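> Sequence:
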Amino acid sequence: MCGAEPAGRPARAPGAVPFAQFIVKVHGRCNLACRYCYLYAGPDRTWRTRPAAASPGTLDRAADRIAEHARAHALRELALVLHGGEPLLVGAARLGAFADAVRDRAGPSRTVHATVQTNGTLLTERAITTLAGHSVRIGISLDGGLAAHNAARTDHAGRPSFAAAARGARLLAAHRPEAYAGLLTVVDPSTDPVELYESLLELRPPAIDLLLPHGNWTSPPPGLPGGVPDPLSVGPVLAGRPTPYGDWLTAVFDRWWRAGRRETRVRLFEECLALLLGLPGATESLGLDPVNAVVVETDGAIEQVDSLKSAYDTAAATGLDIRAHSFDDALRHPGVAARQAGAAALAAACRACPLLAVCGGGHYAHRYRAGHGFTQRSVYCADLDKLIRHVAARLTEAASAAPPSSAPRTVALTAAAPHSAVAPAPAPPSAAPPAGAVR
Numbered sequence: 017m018c019g020a021e022p023a024g025r026p027a028r029a030p031g032a033v034p035f036a037q038f039i040v041k042v043h044g045r046c047n048l049a050c051r052y053c054y055l056y057a058g059p060d061r062t063w064r065t066r067p068a069a070a071s072p073g074t075l076d077r078a079a080d081r082i083a084e085h086a087r088a089h090a091l092r093e094l095a096l097v098l099h100g101g102e103p104l105l106v107g108a109a110r111l112g113a114f115a116d117a118v119r120d121r122a123g124p125s126r127t128v129h130a131t132v133q134t135n136g137t138l139l140t141e142r143a144i145t146t147l148a149g150h151s152v153r154i155g156i157s158l159d160g161g162l163a164a165h166n167a168a169r170t171d172h173a174g175r176p177s178f179a180a181a182a183r184g185a186r187l188l189a190a191h192r193p194e195a196y197a198g199l200l201t202v203v204d205p206s207t208d209p210v211e212l213y214e215s216l217l218e219l220r221p222p223a224i225d226l227l228l229p230h231g232n233w234t235s236p237p238p239g240l241p242g243g244v245p246d247p248l249s250v251g252p253v254l255a256g257r258p259t260p261y262g263d264w265l266t267a268v269f270d271r272w273w274r275a276g277r278r279e280t281r282v283r284l285f286e287e288c289l290a291l292l293l294g295l296p297g298a299t300e301s302l303g304l305d306p307v308n309a310v311v312v313e314t315d316g317a318i319e320q321v322d323s324l325k326s327a328y329d330t331a332a333a334t335g336l337d338i339r340a341h342s343f344d345d346a347l348r349h350p351g352v353a354a355r356q357a358g359a360a361a362l363a364a365a366c367r368a369c370p371l372l373a374v375c376g377g378g379h380y381a382h383r384y385r386a387g388h389g390f391t392q393r394s395v396y397c398a399d400l401d402k403l404i405r406h407v408a409a410r411l412t413e414a415a416s417a418a419p420p421s422s423a424p425r426t427v428a429l430t431a432a433a434p435h436s437a438v439a440p441a442p443a444p445p446s447a448a449p450p451a452g453a454v455r
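Going by my numbering, the final residue of the sequence shown carries number 455, and the count climbs one at a time with no gaps.
For the record, the hints were derived by calculation from the structure and aren't laboratory data.
Just so it is clear, the structure is predicted and the values come from calculations on it, not from any experiment.
The beta-carbon is built from N, C-alpha and C at its ideal position, and this holds for glycine as well.
Any given hint might turn out to be false.
Simulated restraints on C-beta separations [claimed, not checked]:
1. C53 <-> E413: 38 to 44 Å
2. V33 <-> R278: 26 to 32 Å
3. P193 <-> R367: 21 to 27 Å
4. P222 <-> D76: 46 to 52 Å
In silico lysine to aspartate or glutamate, EDC-like type, Cα no more than 20 Å apart, as pairs [stated by the list, open to error]:
5. K402 <-> D204
6. K402 <-> D208
7. K402 <-> D263
8. K402 <-> E413
9. K402 <-> D270
10. K402 <-> E286
Based on the provided sequences and hints, a complete structural model is requested.
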């Protein structure tokens, strides 16, 4: 029958994009007690009733379900993210064994990109060697490359964690740089942006993820007011709103852009440049590409990504679990469908914005307002506007200065025309976002 799913493949919601990034919570507790943690100090409390660690049976079933989904949708590549809590609390050998199990069941025709996201405090030379031996790359979460940047990252006794984390990062860079996935840092506008960026460079990361804090209109991030202005009174952006995060990011962008060489990848900046040039994006923070990540909790529950837990208790829940349900069942969940709906899930003001193709409404979790759901502008609307226009201006400068044959093929915005329509060049039909980063 016309429009039916091919024989042998499970039915899924029309237009649904299969999951290709599987975030598995191998341990649900953390050896740190960071004071700002949205997971353990935020509104969600579901972690309290879950087992501290995923059982062997849960991990075994997760491997089966991941392989099942990969076969059903003929995935050639997929990302496996070993997460927590602090995943190294289960030991590097167990993490490596689970990655091997997923690869074995996915089969030799598929590539599994495995990454562990850790706070770095439990990294030793032996653990690094074990993980690298199982082809598991290592990402480290830090607030900055100096102890002063990490004052809120303490253990449960209130002791600072930076020395141990920095030692782990330096061991990784020195002994197994091929296994170093990079650093993840949450933006803090109270810090000096260039100092913080350069302090991270001292840890020799191949990539840096700069993430905006998970705030929203009901629980705004530090330095930004809550509430939602009348969308009809503020024009294409939230006019007059402070932009501390945009200011911070543009300062770091200029330091990175003008370095004269590629000191490291900064994914947020590279994604912004790519989208301005009409290339596909690979992050939930920008662009309109559908989200293709799913979480398996320590008890086997299938959930949406953790960032939703910053909105309200149970916001990430689907009511599904890997024992009774497939990942195709999760694709039919209305919350997942909403996060794959692109511009259709955005506020009217966002759909009318000239930056739509680049901004994409910002991160889904940052649009939340109690009583109104996620169909709002991002709480970072003005900050994202400032960053995107700043990056576009630098691209325009580069295009003007370069010989015609080497100029960027498309510059979607210019500083002289701040509300011009975005007109990206078409993306290559075979382009696909890289696997591996947690969104």
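> Are the hints correct? Go through all of them and say.
Tested hints:
no.	hint	in the structure
1	C53 <-> E413: 38 to 44 Å	40 Å, holds
2	V33 <-> R278: 26 to 32 Å	31 Å, holds
3	P193 <-> R367: 21 to 27 Å	44 Å, violated
4	P222 <-> D76: 46 to 52 Å	32 Å, violated
5	K402 <-> D204	17 Å, holds
6	K402 <-> D208	18 Å, holds
7	K402 <-> D263	8 Å, holds
8	K402 <-> E413	17 Å, holds
9	K402 <-> D270	13 Å, holds
10	K402 <-> E286	16 Å, holds
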